[in-house]
Structures are given as C-alpha cells and as structure tokens.
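Number of protein chains: 2
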Amino acid sequence: MTDLVPPSHLDLLHSNGLAFVATTHQHRPQVSPTWFLWDDDRGHVLISLTDRRQKYRNLVRNPEVAVCLLDPVNPYRYIELRGRAESMLADEDHWLIDALTRKYLKQEKFPPNPGDGGRLLVRIAPGYVRCFG
Amino acid sequence: MTDLVPPSHLDLLHSNGLAFVATTHQHRPQVSPTWFLWDDDRGHVLISLTDRRQKYRNLVRNPEVAVCLLDPVNPYRYIELRGRAESMLADEDHWLIDALTRKYLKQEKFPPNPGDGGRLLVRIAPGYVRCFG
Chain A
1 MTDLVPPSHL
11 DLLHSNGLAF
21 VATTHQHRPQ
31 VSPTWFLWDD
41 DRGHVLISLT
51 DRRQKYRNLV
61 RNPEVAVCLL
71 DPVNPYRYIE
81 LRGRAESMLA
91 DEDHWLIDAL
101 TRKYLKQEKF
111 PPNPGDGGRL
121 LVRIAPGYVR
131 CFG
Chain B
1 MTDLVPPSHL
11 DLLHSNGLAF
21 VATTHQHRPQ
31 VSPTWFLWDD
41 DRGHVLISLT
51 DRRQKYRNLV
61 RNPEVAVCLL
71 DPVNPYRYIE
81 LRGRAESMLA
91 DEDHWLIDAL
101 TRKYLKQEKF
111 PPNPGDGGRL
121 LVRIAPGYVR
131 CFG
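So the sequence lines, in the order shown, correspond to chains A and B. By the numbering used here, the letter at position 25 of the first sequence is numbered 25, and the numbering carries on one by one without gaps. By the numbering used here, the letter at position 31 of the second sequence is numbered 31, and the numbering carries on one by one without gaps.
Read the hints as simulated data drawn from the structure, not as lab findings. C-beta: ideal position from N, C-alpha, C; glycine also. Some clues are possibly wrong.
Stated by the list, open to error - Taking beta-carbon pairs under 7 Å as the criterion, some of the chain A residues facing chain B (in silico):
hint : residue
1    : Leu18
2    : Ala22
3    : Thr24
4    : Arg28
5    : Pro29
6    : Gln30
7    : Val31
8    : Glu64
9    : Cys68
10   : Pro75
With the hints as constraints, model all of the structure from the sequences given.
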C-alpha cells in the first residue's frame, strides 16, 4: 500500500506533524487535527478516537475519510490520503494511544481521563494519494 | 456572524496560518491546505479557487464545507467553522488572489499562470463553530 506514496513524500508518513482528518455527517464535511501513526507493515494510517467523539459517530455511518499530512517545516508540501476506516477496534491495552503519547508528548502513558469513554484504534486504508510540493 | 466565534479565538480569524478546507465528492471527504482571508464585515471565510480545481467541482455539487484554522504557534488551539459556500464569483480583477498573495507571500501580485483557468472568489458563510484549546 506504501506503493501509493512516491519516494519523494514517504517521509511525511513518519513526520511528527498533526494529521487533518476529514469525515462526513449527513453529507456535511467535518475536519480537525489529530495525532496519527503510520503502520508501515499494512500501509494504514492509525488514529485514536473515543466512542464519544463526533468523528467516531461519523465513521460508523460513513467510513469514507480523507487525511492530510503536512511537512512540519514547509506547509506547502503535503500528501492527502483518501480511503476508508477499515476497522475500529477497542484499544484495550492502550497500545495506540500510548504510542501516540510517546510520539507527540514524549511521555510514556496517556494521562487517564475518566470522561473519555472507550478508546478505539481506527485503521484507515488509503485508496488514493495526492501529493503536493 | 463573528458572534459565533468566542473572543478567546477571534485572533485565529486573522492568523497567517493555512486553512484546512474539507469538501465532499459523492459522499467522500477531501481535505487540503488553502490560503484564506477573513471578511470581518460579512463574517465570511474567503478562499480563492480556479475552475479547474477538484474543490471547485465539489462545491458546485455540494456547497457544504468545513474549514479548520489553527494557531500558527500552538497547533492544539484551533477553530473549526462549518457552513456553506454561499457564492463563487469570478475574481476578475484578482482582488482576492492578490490580497492573499500580499498576506502569504508578501508580494503585490499573484504570479500569472496561464494553466490556472479562471480565478474564483469563494465566500464561505459559517453556520457552526467549534473551538478547541
């Protein structure tokens, strides 16, 4: 699946910038910045959601999703990946949210937040890639 | 319309960061970074498109749009504006694209590009605002 991304933009899959994730709610788009991790083995973008987030409810109804990853230094260089949320499974041992916490906060564990609801590991399988810059 | 944005986040309407604009194509979201200008008088987000852009074709079919504006210094502080492309009119005298060029490139005129097609001034009227951070 990594074949979709040309060598010139592969580094963006591993950048520590935020991902801009767009979903839909009744044909209306929504977009927000989100932590992400790239799964090189399966060619998936991984994001962490709780089951109380609008983004989760959107993806349950319509798994179509677009993700924009920017060069943290040059915002005119980016890739847009479009695809589907292939699975949304419980992140029961907090494997993903803790990995994201290490990546973005340089801390070992995500701070517990009882109001968060259940943590989910969302796998996004890109089907189309557009590069810019 | 500016009433929708709380005073704590008004500065983001005038930031020189990029706007992440999400549209849809046949129920599938698309997202990309875009220059923007805030029209304080009418409470609109203005973006410049050419009639050859996918984003333009998407908005013709479905004017629903979401725009995410980030604090250029603290990416965990942002506003998401959701609304509709209220109008898409010819930017005949290049009023908007030149204003954006001054804002983002500190140059007077947008470099002419014969392959660009016609320039449009897109007015986005937000109906819902979500703040974070």
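Hints and how they fare:
Here the hint on Leu18 (chain A) is kept, as its CB sits about 6 Å from the closest CB of chain B, short of 7 Å. Hint status for Ala22 (chain A) relative to chain B: holds, with the closest Cβ pair at about 4 Å, below 7 Å. For the restraint placing Thr24 (chain A) at the interface with chain B, the shortest Cβ-Cβ distance is roughly 5 Å, inside the 7 Å limit, so the hint holds. A cut of 7 Å between beta carbons decides the hint on Arg28 (chain A): the least distance to chain B is about 4 Å, and the hint holds.
Checking Pro29 (chain A) against chain B by beta carbon gives a least distance of about 4 Å; that is within 7 Å, so the hint holds. Hint status for Gln30 (chain A) relative to chain B: holds, with the closest Cβ pair at about 5 Å, below 7 Å. A hinted interface residue such as Val31 (chain A) counts as satisfied when its beta carbon comes closer than 7 Å to some beta carbon of chain B; here the least separation is about 4 Å, so the hint holds. Interface restraint check for Glu64 (chain A): the shortest CB-CB distance to chain B comes to about 4 Å, inside 7 Å, so the restraint holds.
Residue-level restraint check for Cys68 (chain A) holds (minimum Cβ-Cβ distance to chain B is 5 Å; threshold 7 Å). For Pro75 (chain A), the interface hint holds, the least distance from its beta-carbon to any beta-carbon of chain B being 6 Å, beneath 7 Å.
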